[in-house]
Structure formats: structure tokens, C-alpha cells
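Enquirer: Once you have looked at the hints, place chain L on chain Z.
For the protein sequence lines, the chains are Z and L, in the order given.
Take the first sequence: its letters are residues 87 to 507, numbered as in this note's numbering.
Take the second sequence: its letters are residues 87 to 507, numbered as in this note's numbering.
One thing to keep in mind: the hints can contain errors.
[As the list claims (entries may be wrong)] Derived contacts from chain L toward chain Z, CB cut-off under 10 angstroms, selection only:
#: 1; residue: M226
#: 2; residue: G227
#: 3; residue: N278
#: 4; residue: I280
#: 5; residue: R284
#: 6; residue: P286
#: 7; residue: A288
#: 8; residue: K292
#: 9; residue: P323
#: 10; residue: G325
#: 11; residue: D438
#: 12; residue: R499
#: 13; residue: I500
These are calculated hints, taken from the structure and not from any lab test.
We put the beta carbon where it would ideally sit given N, CA and C, even for glycine.
Protein chains: 2
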Amino acid sequence: MMYDLIVVGAGIVGLTSAFHYVKNNGGKVLVVEAQAGPAQGNTARSVGGFRMGLFTSSINRLISETTVKYYLDVQRGGYDLGIHQIGYLILLDELNYDMYVQRVQELFRAGTAKLLSRDELKSKVGFIQLDLVDEEAQLMGLRPIKGAIFSPFSGYLDVEKLAMHYYEKLVEMGVEFKFNTRVERLKLAAVNKIGHPREPFAWQEKKIEAVETSRGLFEAEKFILATGAWSQELLDPLGIDSYIKPKKRQIFASPAGGELEAFFNVKGFNDFGTLPMTFIPRGPFVAPRIRDRSLWMGLSDDIGRRWGLDFEAEDLFFYDNVYPLLRKIFPVIEGVRPQSKWAGCYSINTIDENPVAFRIMNLIVATGGSGSGVMKADSLGRIAAALAVDRKEVELYGGVKVPSTLLGIRERRIEPEMLVF
Amino acid sequence: MMYDLIVVGAGIVGLTSAFHYVKNNGGKVLVVEAQAGPAQGNTARSVGGFRMGLFTSSINRLISETTVKYYLDVQRGGYDLGIHQIGYLILLDELNYDMYVQRVQELFRAGTAKLLSRDELKSKVGFIQLDLVDEEAQLMGLRPIKGAIFSPFSGYLDVEKLAMHYYEKLVEMGVEFKFNTRVERLKLAAVNKIGHPREPFAWQEKKIEAVETSRGLFEAEKFILATGAWSQELLDPLGIDSYIKPKKRQIFASPAGGELEAFFNVKGFNDFGTLPMTFIPRGPFVAPRIRDRSLWMGLSDDIGRRWGLDFEAEDLFFYDNVYPLLRKIFPVIEGVRPQSKWAGCYSINTIDENPVAFRIMNLIVATGGSGSGVMKADSLGRIAAALAVDRKEVELYGGVKVPSTLLGIRERRIEPEMLVF
Numbered sequence: 087m088m089y090d091l092i093v094v095g096a097g098i099v100g101l102t103s104a105f106h107y108v109k110n111n112g113g114k115v116l117v118v119e120a121q122a123g124p125a126q127g128n129t130a131r132s133v134g135g136f137r138m139g140l141f142t143s144s145i146n147r148l149i150s151e152t153t154v155k156y157y158l159d160v161q162r163g164g165y166d167l168g169i170h171q172i173g174y175l176i177l178l179d180e181l182n183y184d185m186y187v188q189r190v191q192e193l194f195r196a197g198t199a200k201l202l203s204r205d206e207l208k209s210k211v212g213f214i215q216l217d218l219v220d221e222e223a224q225l226m227g228l229r230p231i232k233g234a235i236f237s238p239f240s241g242y243l244d245v246e247k248l249a250m251h252y253y254e255k256l257v258e259m260g261v262e263f264k265f266n267t268r269v270e271r272l273k274l275a276a277v278n279k280i281g282h283p284r285e286p287f288a289w290q291e292k293k294i295e296a297v298e299t300s301r302g303l304f305e306a307e308k309f310i311l312a313t314g315a316w317s318q319e320l321l322d323p324l325g326i327d328s329y330i331k332p333k334k335r336q337i338f339a340s341p342a343g344g345e346l347e348a349f350f351n352v353k354g355f356n357d358f359g360t361l362p363m364t365f366i367p368r369g370p371f372v373a374p375r376i377r378d379r380s381l382w383m384g385l386s387d388d389i390g391r392r393w394g395l396d397f398e399a400e401d402l403f404f405y406d407n408v409y410p411l412l413r414k415i416f417p418v419i420e421g422v423r424p425q426s427k428w429a430g431c432y433s434i435n436t437i438d439e440n441p442v443a444f445r446i447m448n449l450i451v452a453t454g455g456s457g458s459g460v461m462k463a464d465s466l467g468r469i470a471a472a473l474a475v476d477r478k479e480v481e482l483y484g485g486v487k488v489p490s491t492l493l494g495i496r497e498r499r500i501e502p503e504m505l506v507f
Numbered sequence: 087m088m089y090d091l092i093v094v095g096a097g098i099v100g101l102t103s104a105f106h107y108v109k110n111n112g113g114k115v116l117v118v119e120a121q122a123g124p125a126q127g128n129t130a131r132s133v134g135g136f137r138m139g140l141f142t143s144s145i146n147r148l149i150s151e152t153t154v155k156y157y158l159d160v161q162r163g164g165y166d167l168g169i170h171q172i173g174y175l176i177l178l179d180e181l182n183y184d185m186y187v188q189r190v191q192e193l194f195r196a197g198t199a200k201l202l203s204r205d206e207l208k209s210k211v212g213f214i215q216l217d218l219v220d221e222e223a224q225l226m227g228l229r230p231i232k233g234a235i236f237s238p239f240s241g242y243l244d245v246e247k248l249a250m251h252y253y254e255k256l257v258e259m260g261v262e263f264k265f266n267t268r269v270e271r272l273k274l275a276a277v278n279k280i281g282h283p284r285e286p287f288a289w290q291e292k293k294i295e296a297v298e299t300s301r302g303l304f305e306a307e308k309f310i311l312a313t314g315a316w317s318q319e320l321l322d323p324l325g326i327d328s329y330i331k332p333k334k335r336q337i338f339a340s341p342a343g344g345e346l347e348a349f350f351n352v353k354g355f356n357d358f359g360t361l362p363m364t365f366i367p368r369g370p371f372v373a374p375r376i377r378d379r380s381l382w383m384g385l386s387d388d389i390g391r392r393w394g395l396d397f398e399a400e401d402l403f404f405y406d407n408v409y410p411l412l413r414k415i416f417p418v419i420e421g422v423r424p425q426s427k428w429a430g431c432y433s434i435n436t437i438d439e440n441p442v443a444f445r446i447m448n449l450i451v452a453t454g455g456s457g458s459g460v461m462k463a464d465s466l467g468r469i470a471a472a473l474a475v476d477r478k479e480v481e482l483y484g485g486v487k488v489p490s491t492l493l494g495i496r497e498r499r500i501e502p503e504m505l506v507f
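Chain Z on its own, in the form it takes in the complex (with noise of 0.2 angstroms):
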């Protein structure tokens, strides 16, 4: 059996790389998943937080902004994906305050984020702490809070919903799903083989001629590598690098009730009433669930996690790094027990933290997500697509027209994000 194109991996990127392939190209397309369904590795394990109009680089918005607004005509027409805009709210310290000002005034001049004084903050959110002054504060590197960047079209999705938006209509269109079935080795051979037992050659073309799976091998022409943190694991054997590498993170939930209350009770964010997903001085970060009144919360830690695969939640990391902090601005948090905890890992670039999508051989790497992936998936895919039919333009949803190298490495244009948080 030869498949046109296999894609491995059946997470936000393979879902999107497999539909946007078929939709264009049709052909006979097999989609391999070591877990037992569509996105139950780290796509399920996100936040599925969403950006819009509240990045600096240009790339970021680009790849961002058309996949959201996909998924915010998905909805409309119809096919829920549990997006929920309440909002993104960055709040600044003393120190920090002026550079994000001016760092985002094309923002604020576009109209998708706005600059909230020290005043308007406290008189909509009764129960923020913004002085910070204390000894403990201070100690853990809290300043004063002067004001908060509000980005009011940003908000979050149902990572599920999405990934089986993707899934329904792969299926209907005759893609082949086989899940429980982990890839264990890209299969290299030589393009044309001269029947050695040690070939390829460092003399021969090459490329890759099958997935060696837990169920079997399987063939195709062409393949899709959207692995994301698994990424490496697959390309080292070949010494081929993903750029990308592992760091685990971390999401601790309780649900409402009680003080809690305070976070689902916010007047002049947004529609349903809460406080925007927060985002406060030196990481951490709060997040209202309108469907389960829930909150979340977590921080992306950098210098000291240790690159690698790894998915224990530790209670641990949440009372040393997160609780600690989020208490002294949010102090109805005092006492807040997590009922649940989940880790994931992002699959950082870590060059830019913008995704990575090119072509070696007949082999497409996309990945690296780098903790947006979610809010980049459609567009990473059509990417992936157009370079597996080596085509040098793609278009993006909303009719922008991008060359396919764009997420390229060797032709990559290296701009920083300004507005990280």
C-alpha cells in the first residue's frame, strides 16, 4: 500500500497540514497518531489561548491573525469551537511599563489593544491588589502595578472542539486515521537503489520511504512530520534538526465558588462577564473558564526547566512559582487548593519561538509552535501543504498571499517578538 503523503501525527498541525493537502491536492492520504484519538498529546494539554492583534512581529500577526479569524468564521457559521474573546490583559509594573507602551503604539493605534490606567484598572477589577510595596512583595520582584495593556480580541478556544472541526472533515474526505500507532523510526533509503545491504550512501539521493510504526510500515511518496515536542526524537537518527526543542508546562485548575467568585464577576472586559485572561508582572497567569467556572492558572518558566520530554504536573511548582505571586495581586486567591493539574510540552523554536515549516528530501517538517501553536495551526498547515507540493506561494485565510518559505529556516528573516509575557 502507497499513500501519497503520510502525515505523522495527528495533533493541531497534523490535522491542518493532512486537510490542507487534501482539500488542494487530493490523493491518498494516511494520518499516523500514537495516541488513541485526534489531539489528545499536547494540542489537548494547552490552554488553546488565542491572540489577536496583540503581536509586534510581523510574522506572528500574519500567521495568527488569519488562523483566528478562520476559526472565528468556523463558529460564526455555525460549528462551535468554544471560542470565548474575553480578553487579554497584561498588566504593567512601574519598571516595565513605559517600554510596553511604546512598544505596542502601532496597537494601540490600530484599535486591538487599548491602555488601561492605574485607575480604570482598579475601579473595574474591585478586587486587584496594584500597590505591591510590602517586603514580600518586593522580595519576589513585584512593583507597584501603573496600568494594563487590554487586547479585547483575544481570548481562548476548546482546543477538542477545534481539532474535531479539523477531524470531521478529514474523515468525510476519505483520509485514512490510525491512531495507537507510534512512528518509531523515518525509514531513509537511497532514491535509487542498487540493491546493497548498507545502502543509502553518503553518495546516494536520498529520501524517506517509509514510517516504521508500532503497527507495521507503511509507504507514501511524501511525508509531513507534525510531531511537535516528538519532533527530534524522529529526526536525530537521520541528523536532520527541527530547530525546535521541549520544555515542559504546566496548568493548575479549581474550579469557582467562593471568593473565586470575584474572577466571573467583572463588569466592562467582555460578554460573559470576567476578568480577561491576566497575565501579571514576571509570568504568571489567570484564566477564567466561562464553560466549566473554572480558573487557570499557570506560568511559562524558562532559565532552569530543563529542555525535555516530561508530563507530571508537580503541585510543587504551583505553591513555589505561581501561587505565591498571583495571591499578592489577586488576594481572593489566599488558600486556593487546585482539584487539577496537567502538564504538556510546548515545542519551542527556539531561534524565534515562531513556528518552523520546511522541506528536506520529500520530508515536510512543521512544528514548533512554541506555545501559539494553536493560534498559528491553520496557517502552519496550509504552509506545510504547499511545500510538500512544492509550491512557492500559499495562500493564507482572507486571500493573503505568502511565499512557502516563510517559516524557513534558511531564509528566515529572525524578528523578535517585543510584546512577551
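Expert: Same frame as chain Z, now just chain L:
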């Protein structure tokens, strides 16, 4: 005992970094090295080849030419570095001739590279075979040779002598060396400790406090990591990326004598009467070594050669990948049996194969020679030393000034080298 600076690694980059640091700043400096002496890791395993005026990318030219000029001046000053400017010769086949000739026009104009016709080649190197039209040649992807690029000022040096040059100066300057001392961990700590057993926490400013080694813990204000192919092993636990990966490279050596004498009896290329270091299509090279009259042969293989530390030279690699191609072009090689072989690991910067030098906290990472580290080491050491004292500008040998962020990642201008052979 608190050092001003600890340099991890006494390979060529560690030595140049320590040298330029102490020369400019003095201070109490320790160099820690796992091997028994200087430059006994991958530096010792390298060919020691250098290109002079044979790069197209401006960064490559800048950092290699300044470095090689320094080496040449050292040798002219009476300190023998074993430099032999035997030249580089890159054979071009019918397929790549036009492309390469176009790419190096600027080098032809500058006079650092010359174009040789097929006839000139044949008349200078009587024993070369340029036709390559038989079935075996075609099978291996060899095509008729149409000409060659000759780089008269390139050559190789003795890496051990080069290392001793810096090492002796460092000892003179009072720099302390600890050999047979393997660094097991870079110890992360909070800048302002609070005395908690689990610090540093995510919200604390951090620094490297010490290196934990096989011979105890050593503390310093700053650290330079010049650990080449071993760098990422030390950085993974910290969640920092070096942007480099290790890949095995092998050299096979055969003494001259018999038919191989032909390589040492070639007129018109250099003062030594040898064939230049010669690169043939599809990658294999052959280098006549003057001092011990031996022929070094090798090949930098790419796809299919796994990333990772691996120091085992494989006879089969030579007979499968190097020998069959070299023999077609140099029939005198027929039947050669290398009498020695060794393997080392390149530290490959997978972005653009130029070195990497950046500072994070009080740690400077200087690595990623990618196979051209020896010929860039003096400049890389100057840049690392400048980063260690937060100097924005670096003066390379000969007075050229460059920003110290030149080899950083965020500020990087990716400029792929067009002259790859």
C-alpha cells in the same frame, strides 16, 4: 576560592577566549578541562584546515580571515604553527560548474581564488582522471570534471602547535588550568538568595554560581562555556539552547610511498610541490600532509549521519563512501588501506554553520565551529571575551571592529555560505 572567570573547555576556543579575556582584563582565571591537556578533545581530531579568501558570506570571511592572518603573523614571527599553505582545490563537474563559478566571481576579482580549466588541471595533475563517464561513475553521481577553483592561500596548520601557542601564553599570564576535570553541572543559583532549599524560584533573578566537576566545585563571577560538541549536554538541564548539535567526522590516513607519491610530486600549486587539499564532487577530500608525508582522506556526511557524540572511526565508512569516489578521480589510490583513522565531533550550528557566541545571565556560550572552528577561533575568542565584560564592540586582529553580538542568535543575519564543498 572565587575566580573572576572560569572557562569550561581547553579546546582551541576555550584557549582563545581565556587569552583575550586575560589580555584585556587580567584577573583570576581558571580553565577547566576534562582531558589531560590542552586541545585534546575535538580540536586535536580536526584536519586543521583553513580557508583564506575562500568564503562568500561576509561573516565567514570576516572572522576567518582575521583569525588566519593572526596565525600567519605568529608563524612569521618565529613561532611555528605548522602552517602549510598548500592551497585548496575544488573540482567542479559539468552540473555545478556554472553555479560555483558565478558564486565566486568576487573572489576571482579579489585574487584569492582562481579558475582552472580542465586542460590546466590535467596538465598540472597528470594522474587525475577527469572523464568519469563509465557506468560506475554514473552510479555514484560523478560527472565529467569541467574545471576547478584553486585557492592559493588556504591550507592547514598543526592544531596542537596552535593550541600550545595560546596555552603557553596563558600559563605565562598566570592563568590556572585544571586538567582531567570534567564539568558535570553548571550550578544555577538566585542572585539574591533567600535561604530556601528549593530556590532558585521562577521569579528570582538567576546566575551561574559554580561548576560542579569531577574534582569538586569551583565558583566564579562569570563563566565561558567553550565546550564545543559537549555544550548542549551541559545546557539541557538549564533549559538553554546552544543552537549546536554534535556530528561525527572521520579522517583516514595512509602514508605516502608507492603510487601515492604522486600526490607529493605536483608542480605549480604551492612551494611544497604537492597537490592542494582537494575536494571532489559529492564531498570526499584528500589532503597531502607535508610533515609526515601521509595522505588524509575524509568526507563530511550529512543526511543519515545521526546527531550525537560518537568517536568511533569506521573502516566501512571509508570503503563505502570515501574510497570508491576518490579512486575514480585518483586511480593511484586503488587498493589503499588507511593505516590510521580517527573520529571527532563537529559542533554544528544548524542555522548557518557559523559559530555562536552569546551571553545569558553571567554565562557566555562560545561554540559551534561547525567544522571551521580552528580557522575562526581567534576572532571567536575575542568576541567571547568581550561578551564576558559586556563590551559592545570587539576589535578583531588587524583592527576591524565588529559588534560583540555579531554571532548571537537574536541579532543574527542569516547569510548562508554559497561556497560549500
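Enquirer: D438/L was flagged as interface toward chain Z. Is the shortest Cβ-Cβ separation under 10 angstroms?
Expert: 8 angstroms, holds
Enquirer: Using the nearest Cβ pair, does R284/L come within less than 10 angstroms of chain Z?
Expert: 6 angstroms, holds
Enquirer: Hold the hint about G325/L up to the distance rule: shortest CB distance to chain Z must be less than 10 angstroms.
Expert: Result: holds, 5 angstroms to nearest chain Z Cβ.
Enquirer: Identify whether the interface hint at P323/L stands, where standing means a beta carbon of chain Z within less than 10 angstroms of its own.
Expert: Check passed: Cβ of P323/L comes within 5 angstroms of chain Z, closer than 10 angstroms.
Enquirer: Would you settle whether the hint for K292/L is holds or violated, based on the nearest Cβ-Cβ distance to chain Z being less than 10 angstroms?
Expert: Check passed: Cβ of K292/L comes within 5 angstroms of chain Z, closer than 10 angstroms.
Enquirer: Does the CB of A288/L sit less than 10 angstroms away from some CB of chain Z?
Expert: 4 angstroms, holds
Enquirer: Does the CB of I500/L sit less than 10 angstroms away from some CB of chain Z?
Expert: At about 6 angstroms, which falls below the 10 angstroms cut-off, the nearest Cβ of chain Z leaves the hint on I500/L intact, so it holds.
Enquirer: Taking the closest Cβ pair, is N278/L under 10 angstroms from chain Z?
Expert: 8 angstroms, holds
Enquirer: Just to be careful: measuring from the Cβ of R499/L to every Cβ in chain Z, is the smallest value less than 10 angstroms?
Expert: 8 angstroms, holds
Enquirer: Minimum Cβ distance from P286/L to chain Z below 10 angstroms?
Expert: 6 angstroms, holds
Enquirer: Minimum Cβ distance from I280/L to chain Z below 10 angstroms?
Expert: Check passed: Cβ of I280/L comes within 7 angstroms of chain Z, closer than 10 angstroms.
Enquirer: Would you check whether G227/L satisfies its interface hint, that is, whether its CB is within less than 10 angstroms of any CB in chain Z?
Expert: 6 angstroms, holds
In terms of the numbered hints stated before, the structure departs from none.
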